[in-house]
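K.L.:
Listed here are the chains, written in short residue letters.
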Amino acid sequence: MPRKNSFITLLTDFGSEDYFVSAMKGVIFSIAPGITVIDVTHSIPPQKIEPAAFTLLAAHRSFPRGTINVAVVDPGVGSSRRSILIAAGKQFFVGPDNGIFSYILDIYPSHKVFHLTNEKYFAKNVSNSFHGRDIFAPVAAWLSRGVTPKNFGKGLTDAVRLPTLQTQKDKKGRLVGRIIQVDHFGNCVTNITRKDLSEAQESLAALVMNGKQIRSFRKYFADAESNDNVFCIWGSAGFLEIAAQNESAANLLNVKTGEPLLIEFRK
Amino acid sequence: MPRKNSFITLLTDFGSEDYFVSAMKGVIFSIAPGITVIDVTHSIPPQKIEPAAFTLLAAHRSFPRGTINVAVVDPGVGSSRRSILIAAGKQFFVGPDNGIFSYILDIYPSHKVFHLTNEKYFAKNVSNSFHGRDIFAPVAAWLSRGVTPKNFGKGLTDAVRLPTLQTQKDKKGRLVGRIIQVDHFGNCVTNITRKDLSEAQESLAALVMNGKQIRSFRKYFADAESNDNVFCIWGSAGFLEIAAQNESAANLLNVKTGEPLLIEFRK
Amino acid sequence: MPRKNSFITLLTDFGSEDYFVSAMKGVIFSIAPGITVIDVTHSIPPQKIEPAAFTLLAAHRSFPRGTINVAVVDPGVGSSRRSILIAAGKQFFVGPDNGIFSYILDIYPSHKVFHLTNEKYFAKNVSNSFHGRDIFAPVAAWLSRGVTPKNFGKGLTDAVRLPTLQTQKDKKGRLVGRIIQVDHFGNCVTNITRKDLSEAQESLAALVMNGKQIRSFRKYFADAESNDNVFCIWGSAGFLEIAAQNESAANLLNVKTGEPLLIEFRK
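From first to last, the protein sequence lines stand for chains A, B and C.
For any residue, its number in our numbering is found by taking its place in the first sequence, counting from 1, and adding 175.
For any residue, its number in our numbering is found by taking its place in the second sequence, counting from 1, and adding 175.
For any residue, its number in our numbering is found by taking its place in the third sequence, counting from 1, and adding 175.
Only chain A is shown next, with the shape it has when bound in the complex (with noise of 0.2 Å):
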């Protein structure tokens, strides 16, 4: 099993073409050379917030114990906003203060959370547009090589959090989505869960979304039981998706992140 703190994951909207991924990596392995880097993705839609707090909820499970996180989507770098390191779920957190470990803390309610202050952890020059070099992948370096969270500065109890990922109820008994992510394959993913929706509950309800209403319920993508062209499916974080046979169901939805949708219930 693994040493405590062997793993930094990095999760970025900072592409695949320049140097800063790199740049973060060089850092980290001159403060901790025996470390390993994961990555999660870069390709995080520049300066979205949510998609990235979603992509974090959905990677972080399969993580080892005492991974340690590091998310850089941050388009208030250099400006007042906090860093900060969060400790939760048995896992370490990294990064600005703008809402991206929101469903982090969500799930996780017995968190701590610490502001990054400690300069002695940061780069010698702190630039002001590139804290996943110059404070996030330091910290968490150091965070690896057995330093505690608050060496790095004080707790705080009010980090800036996103809408939760929580459904609600209409007065017509309805559930109120909507869609939190468009996968690589077009599969749009809803933030509902199976605690809003069981197996028994499947054959009545209808999910409706941009006009259209949606009542087929597949067990695996190539179930050929199955008639309907669009179909739901619980996907592989938890939450419901709806996909389409060969085809990306976004695309043939014409959808995107944030549309809302309805689940409706026969009686």
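Hint data in this document are derived by calculation from the structure and do not stem from the laboratory.
One should not assume that every hint holds.
Identical copies carry no separate label here, and so any pair may be met within one copy or between two of them.
[What the hints assert, rightly or not] When the alpha-carbon atoms are kept at most 20 Å apart in a straight line, the in silico SDA-like pairs for lysine to any residue are as follows:
{"no.": "1", "residue 1": "287", "residue 2": "317"}
{"no.": "2", "residue 1": "431", "residue 2": "419"}
{"no.": "3", "residue 1": "394", "residue 2": "257"}
{"no.": "4", "residue 1": "370", "residue 2": "302"}
{"no.": "5", "residue 1": "287", "residue 2": "336"}
{"no.": "6", "residue 1": "344", "residue 2": "378"}
{"no.": "7", "residue 1": "329", "residue 2": "262"}
Using the hints provided, position chains B and C relative to the given structure of chain A.
P.N.:
Okay, now just chains B and C, sitting in the frame of chain A:
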């Protein structure tokens, strides 16, 4: 020299924007924290098995002995398609039984194939949509830790096979081939090898494709002695390629993977 | 602190869809299994040497001492262009002699350059199209194992150089510069450094490009005190950049790499 089984490679159609690849790595490192993971590519066109099979064939020749190659292009995930483990060419191959390992099976006739059925080495809850994370990643990790192949399941001999990469001869003595890959630079990789076309035969040969004839063979890309803009060149994977001077041959010739071609010989 | 030569970085124009990068890694790990490989980028525009040279310049400053940087953008592969190894700035650089290491040579005047000729450290069969796999990867791996630079070949002093990044002054006292990189966010990196333009001079300066004048200098991206949509900002690589509020400055100004610009000073 590397310890046996120190390396796991990943080849998928998952793209780079989602959490999928990092989840597989998280699972691998949770079981085998000291392993090194090598990404082959995650940009296989969605659900396309042949390009995945070719890329794995070309890549694996450079990997250390004992490398465990996980390949996941898996339109049948969750259905009755089998999961397999192959021992071949002093390496291992783990993934769905849908033809993705076909060219590996072709070149190593003394391969052994095992049906992955022992759930002891799977995730506790196997999803219907992400066997990369729930079956193939943990099996590869346990294999790297020394679990022997037969512990994962019984042998089988009827693994799914794609059409072979072997060329054929038509009645007129012409070689009948096809484009098996278009690479990042627009070079068109054919299925023609040195066994089909010796160096001595080149001066008599013409490649005919899409109504065009290509007679020029270059030794290297920047060869100034050649006047032709489009030319044949022996590629780094051991196959004849069609390339263009500082341009995409695929765009210039309007050719895609699967395009048929002929090699004609002057008498 | 890292052992000397524990890290190899890779920078290419190979893209991410083919087997090329993984083949280089396979070769490296076959020779030096304990090494850590860092991807700088594989998304350099095909055959473009200047963006590769800039990216390497910006990235290498964050790498540990002793890092071996392999850079392969190589339109002349297989021709008479030389293969080189450079010792400079307490790091190493391996690749084709086509200018890709030009900016490294510029900033470390006490560099040493070696002509890679000792085939003992190459692949057994060197292809004419993939020296990244057959020459540069194995040389980097053997170097990491302690082979001394002069064992790879004789010194040389006439390495190919690109036009310098140095700005010039015109007769009117204006700085003459250019755009050297457009990054993932559309920020336009100029070749202007703090040596060209001090903080005191900023209030008197105007950047003129493509018929437009930019007078606004921001300290950081989210600076609310600035009214201008397009502004100058000192970037994380030490160069002046032109950026736009939540937009691509490159798109807004219709500017590409190579675009000339002037800095004018009010008296």
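K.L.:
Does the structure break any of the earlier hints, and which numbers would those be?
P.N.:
none
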